[in-house]
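Student: Residue-level listing of the chains:
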Amino acid sequence: MIFGFPPSFWLGLVVNGLATGGAYALFAAGLTIIFGVVGILNFAQGEFFMVGGFVAFFISQNLGWGYWVSLVLTTAVMAAVGAGSYYGMFRRLQRSPRAVEVGLVTTLGLSILLQNGFTILFGAIPRSPNNSLLNDNVVVGGVDTGVLMLIALGISIVALGGLHLFLKRSRLGLAIRGVPQNRELAAIIGVSSAKVTTTALAVGMGLTGLAAAAIIPFYGVFPTMGTGFVFTGFAIVVIAGFGSIGGAIVIALLLGVVMSVAGGGFSASAQDAAPLVLMTAALLVRPNGLVKRAVRAQ
Amino acid sequence: MTTSEHSLLSIDPPVHRGRLAKSSGVLILLAIVATFPLWAGSDYYVTVGTLVLTYAGLSQTLNMVYGYLGYMSISQVTFWGIGAYAAVKVTLDWHVNPWVGILVGSLITAIIAVPFGLLSMRRSRNAFAIVSIVTMLFAALIANDWQSFTGGATGIINLPEPNIHLGSISITVVDERQFYYATLVIALAVLAIVYLLVSSRWGRLLKSIKADESLSASYGTNNTFHKVLNLSIAAFLAASLGAITVFRVTVVDPSMINFYYVAPILGMVLVGGGGSFWGVTSAAAALTIIPEILRMTDQYQALFYGAVLMIVALALPEGVAPTLMKRRQASLARRSLHERRRLEPSLSVATSPLGDANASASVAAGGSPAELDIDWSLVSGDLQEDLT
Numbered sequence: 000m001i002f003g004f005p006p007s008f009w010l011g012l013v014v015n016g017l018a019t020g021g022a023y024a025l026f027a028a029g030l031t032i033i034f035g036v037v038g039i040l041n042f043a044q045g046e047f048f049m050v051g052g053f054v055a056f057f058i059s060q061n062l063g064w065g066y067w068v069s070l071v072l073t074t075a076v077m078a079a080v081g082a083g084s085y086y087g088m089f090r091r092l093q094r095s096p097r098a099v100e101v102g103l104v105t106t107l108g109l110s111i112l113l114q115n116g117f118t119i120l121f122g123a124i125p126r127s128p129n130n131s132l133l134n135d136n137v138v139v140g141g142v143d144t145g146v147l148m149l150i151a152l153g154i155s156i157v158a159l160g161g162l163h164l165f166l167k168r169s170r171l172g173l174a175i176r177g178v179p180q181n182r183e184l185a186a187i188i189g190v191s192s193a194k195v196t197t198t199a200l201a202v203g204m205g206l207t208g209l210a211a212a213a214i215i216p217f218y219g220v221f222p223t224m225g226t227g228f229v230f231t232g233f234a235i236v237v238i239a240g241f242g243s244i245g246g247a248i249v250i251a252l253l254l255g256v257v258m259s260v261a262g263g264g265f266s267a268s269a270q271d272a273a274p275l276v277l278m279t280a281a282l283l284v285r286p287n288g289l290v291k292r293a294v295r296a297q
Numbered sequence: 000m001t002t003s004e005h006s007l008l009s010i011d012p013p014v015h016r017g018r019l020a021k022s023s024g025v026l027i028l029l030a031i032v033a034t035f036p037l038w039a040g041s042d043y044y045v046t047v048g049t050l051v052l053t054y055a056g057l058s059q060t061l062n063m064v065y066g067y068l069g070y071m072s073i074s075q076v077t078f079w080g081i082g083a084y085a086a087v088k089v090t091l092d093w094h095v096n097p098w099v100g101i102l103v104g105s106l107i108t109a110i111i112a113v114p115f116g117l118l119s120m121r122r123s124r125n126a127f128a129i130v131s132i133v134t135m136l137f138a139a140l141i142a143n144d145w146q147s148f149t150g151g152a153t154g155i156i157n158l159p160e161p162n163i164h165l166g167s168i169s170i171t172v173v174d175e176r177q178f179y180y181a182t183l184v185i186a187l188a189v190l191a192i193v194y195l196l197v198s199s200r201w202g203r204l205l206k207s208i209k210a211d212e213s214l215s216a217s218y219g220t221n222n223t224f225h226k227v228l229n230l231s232i233a234a235f236l237a238a239s240l241g242a243i244t245v246f247r248v249t250v251v252d253p254s255m256i257n258f259y260y261v262a263p264i265l266g267m268v269l270v271g272g273g274g275s276f277w278g279v280t281s282a283a284a285a286l287t288i289i290p291e292i293l294r295m296t297d298q299y300q301a302l303f304y305g306a307v308l309m310i311v312a313l314a315l316p317e318g319v320a321p322t323l324m325k326r327r328q329a330s331l332a333r334r335s336l337h338e339r340r341r342l343e344p345s346l347s348v349a350t351s352p353l354g355d356a357n358a359s360a361s362v363a364a365g366g367s368p369a370e371l372d373i374d375w376s377l378v379s380g381d382l383q384e385d386l387t
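Read top to bottom, the protein sequences are chains Z and Y.
According to numbering that gives the first Met the number 0, the first sequence is numbered sequentially starting from 0.
According to numbering that gives the first Met the number 0, the second sequence is numbered sequentially starting from 0.
Just chain Y, same shape as in the assembly (with noise of 0.2 Å):
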């Protein structure tokens, strides 16, 4: 083995050494969440973490066209609302259970998502992005006022129970808990969705993109058909989680197109860090959390989020989880730069007399160890994209 070898393994550790750590740390998370509303003690508990539960999704959605694409979408929003409205037409009028609505709605949505797409990202991410706002108003215009279709500003009322019944067993889904539960399995399943997507070979395909879209293309990669792919499953997952909120809450109405939800979600993945996962999905607890534990009327959580969003663009426009970990991470590398030398008496013989900096230049020719540290402190933000 080389010396240059041997140095490329030796950064290793601090990505496996976390591997069980992680692991054990995700099934606890998992354990609480699963038993919340057995100790949860209130109602209000439950809807808190219901709540917990649907921005963690919704703003997970937001991150794979933002975080990972690259590409600032308000229609998260849209497509929830979209979604809701598209699950409960279907279940009304097919006359079918809620389930079977919900899934179809979010099939609607995704097919609504693909023209939309082709027509929003083929400009400049600036115009998708305004595109997407204007797009939003349009179709909480088209809530508002198709009366007919929509029930106009005061919605459909009275929807039906997500009840399950298959053959002898019957499952009712009635009660705080029990949509607990309900909101749990579809967003568990899209948080689920969108770590494998990202974590796959095609959400590096999407990392590429986001960086330079030219350069991708340049490489054989369809970008259009990977973009709109990319949003119309963030369009389908948003839209299921709005459809189960809409029978939770028992009403669906143009409230649900509104940016009360833009400014939470785009906040939680602001402060997570796009294209970091568990940074935004702690981002979605903590900022739920937070204005219930303060008791803020609605004025005052639009105030609380619209703060939150100018303070991380303007202060740590990287977001406050991926700062910390690349904090983190330096300092590993750091460590395991110290432990090189220390296993290797000659490393530390070339390269103590002139300190980190000089020693990377001097050798850099030579492609010693020293250079690999200054290599991972530049890239650190996409290697830390591939730890989480």
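The shape of chain Z in the complex, shown without the other chains (with noise of 0.2 Å):
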């Protein structure tokens, strides 16, 4: 007995809380490649995540091409939005001399307009589309375990590696990752900026998307959807420190794990906090941040 529960009830919720987390590791890592590329802090990460959501729903309960279709499409359409987002608002914000502020700004102002958008249009209210494994669980380590969070932490997991072998592996990602080092020096040696922020938004937005269709069968589709990611990526990027990729998807799962302990062991309110006072330790403890070692001067 811990704290009045059997140990497996807390490892069923670290158990849950890996399956967020997964979620969690895809949205921040997301943010962090598209400010580390682009430069800008995507404030509307949000609410892309929460219309990843609507499009995953709209495939996979309009359409009726089911859960594994949606993912799959959910990443593309979204990827493609990420790319055409950088033709549309990221290229005129990143030549802007204050890029960081107008770029918060410019995508609080969208995140605004699409979350009172959807509800004007689709109402508040939750939304779950249907999914014959929802109540079904399984066994594992003698806990009982939602098949569906452990189908998204799967994702996660082949995602998160996949993202991997891509930053490693490819030039683009090599790209990815050494434009946040020097951006002067990757113009001086032939990258292109166009092609790697694009890139950047694409890949971003689209671990996005993802995130979002695998989680909606027990999460919900609902336009404030995004509040809670974007708080907690915030939070998960200033603990990691910033431009961390790796960092934020350790961080992540972490925060997910406490998260799912805090709420399910005390309270709802001791959930949300947490994401809140880790991050205010981290910054009292190791002010730039806990994972990156150097530090760019911003």
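Honestly, the hints are just simulated from the structure, not real lab data.
Be careful, since some hints might not be right.
[To be verified] If we take Cβ atoms under 7 Å as the criterion, some of the chain Y residues that face chain Z in the derived model are:
(1) Met71
(2) Leu118
(3) Val133
(4) Leu136
(5) Leu140
(6) Asp144
(7) Phe148
(8) Leu165
(9) Ala262
(10) Gln298
(11) Gly305
(12) Leu308
(13) Met309
(14) Ala312
(15) Leu313
(16) Ala314
Even for Gly, the Cβ is constructed at its ideal location relative to N, Cα and C.
Combine both chains into one complex, guided by the hints.
Tutor: Next comes the structure, spelled out in structure tokens:
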């Protein structure tokens, strides 16, 4: 017995936490990649996540193509949206002499627009796509766990593995890691800024869409679903240190577990407060980020 | 008087020429604002007037931190909410007059802002923006969840009236018109304090920190001290506005700490142009009144403010008012150059065959007045702030 509950109860919370933590990891990795390459904190990332959720709902429910198809298509659609957003918005923002501030304000405006626009169009009530696996459980290590949560965790692991390979093995991935380190040098040796930025946005938004598509069967789709993600995502980025992709992933998984344990074992308030408390602690202890080794002057 | 000295002076007239017009303009504006409830017609217009005053003050506190110091502070809404709660708690728990509560609550908020500023302003401006966003959520969470202290989601209702009793004098503050004047007192105080601070020596120090932190530190400025002091004062002012607002609506609940208030004030500062006092004040009035004229519901108001944020940030990142000001100043500078040429025939002989650009380039080394014209256009963004 730990705090009046059997160990298996806590283990179950850890598994649940890893499942949402996986979604947070995809989300935070996208946020970090976009911030690193584009140089803009995308406040609207949460709303892109929400749009991804609606797209996935439309594909799996309205078109009736099911969960697996919705995963692939939502990723593709959101990657295209991300690439398109470069030409529609981010290219212009990048050229601004005060890109960070102007970018934050613009994406904040976009997030308000999308959130309220979707509320007006679709209403605020959460909806979930039908999924035959919704109530299925399997026993993992003596713990009852939702099959969908395990699937979501598996998807996150596979996607993060793919991201790792892409960043480490491909030339574009190398450029995505290199540009944040030295923008001018990258330009000098012939790395195309437009191409790298478009790719980073496509990857970042694609991951965000995938995260949404993976969790909506048990999380639901609603216009404000991105708010919690963007706050947690920002906290993750601050804790991990700006621009550290690996750090963001580790912190996201950790935070998912902490939040799940705090929520299940204590209270919903503890769950909501966890990222904020950890962020404050991280700022106190390691103001330059827990994971990041060197800090780029900003 | 040498030629270069003379040319320096002749740049000045556009500045002084406007001073009389400006002070009489301010007096007329004050007269309108002070008498507004008397001729406004219905209570609805008075309420809109109160909103304009509130938003003018609140956006000006954001202007202090963002426009003049360069730190994008979502926290102004956090502070305004904390101030509201603190004022109510002090009033109810200490059994004091609401005005005492407002003052003490604002002081408490200013004190809370100090550790927050020390913690969040020591890293980059990006980090501050994010931390201020996340802190807002944290404050909203506390307001929602700490049932016994904040009253939870329903908040604290039936707040007392901020009546004033001074000996034999009693002023009741109950209806819309009286609250308009109560808000007017606080909002004018906020505007005056912000104006005096930003146009003082200290205001220029803030601008130097905004322009280049390491450079100003190298001149011996204690950046952290001034940044946190600025944030703390802005928190005090925002808190006083939040406090009078909750006494007006007689309830304080977690909706005070919400993005609902962030978008409008950010929009006002952006449209008016950060670092421009009158620009932000006029933008606050315009952006409060437009949604009311269009009778927008909350949802459409949010859409409106979101669109304003996007359009202004993308199309006119310097703000609407500064862009207009810049144009006007460029034309004023051009006119003063023409006048100088008329008065000094020798100058027109020197410059006219070559045109402006060539003239300034060719005589730059000699310190000719024409050179100043070029300087003016380059620095007009900063000079314009000193003019306001």
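Student: The structure should be examined with respect to each hint, and the outcome stated for every one.
Tutor: Here is what the structure says about each hint:
1. Met71: holds, 5 Å
2. Leu118: holds, 6 Å
3. Val133: For Y/Val133, the interface hint holds, since the closest Cβ of chain Z sits about 6 Å away, which is under 7 Å.
4. Leu136: Cβ of Y/Leu136 sits 5 Å from chain Z, so the hint holds.
5. Leu140: holds, 5 Å
6. Asp144: Given a least distance of 4 Å, the restraint on Y/Asp144 holds.
7. Phe148: violated, 13 Å
8. Leu165: violated, 44 Å
9. Ala262: holds, 5 Å
10. Gln298: holds, 5 Å
11. Gly305: holds, 3 Å
12. Leu308: holds, 3 Å
13. Met309: Holds, about 4 Å.
14. Ala312: With a closest approach of 4 Å, the Y/Ala312 hint holds.
15. Leu313: It holds, given that the least Cβ distance between Y/Leu313 and chain Z is near 6 Å, below 7 Å.
16. Ala314: violated, 9 Å
Checked against the numbered hints given earlier, this structure breaks hints 7, 8 and 16; the rest are met.
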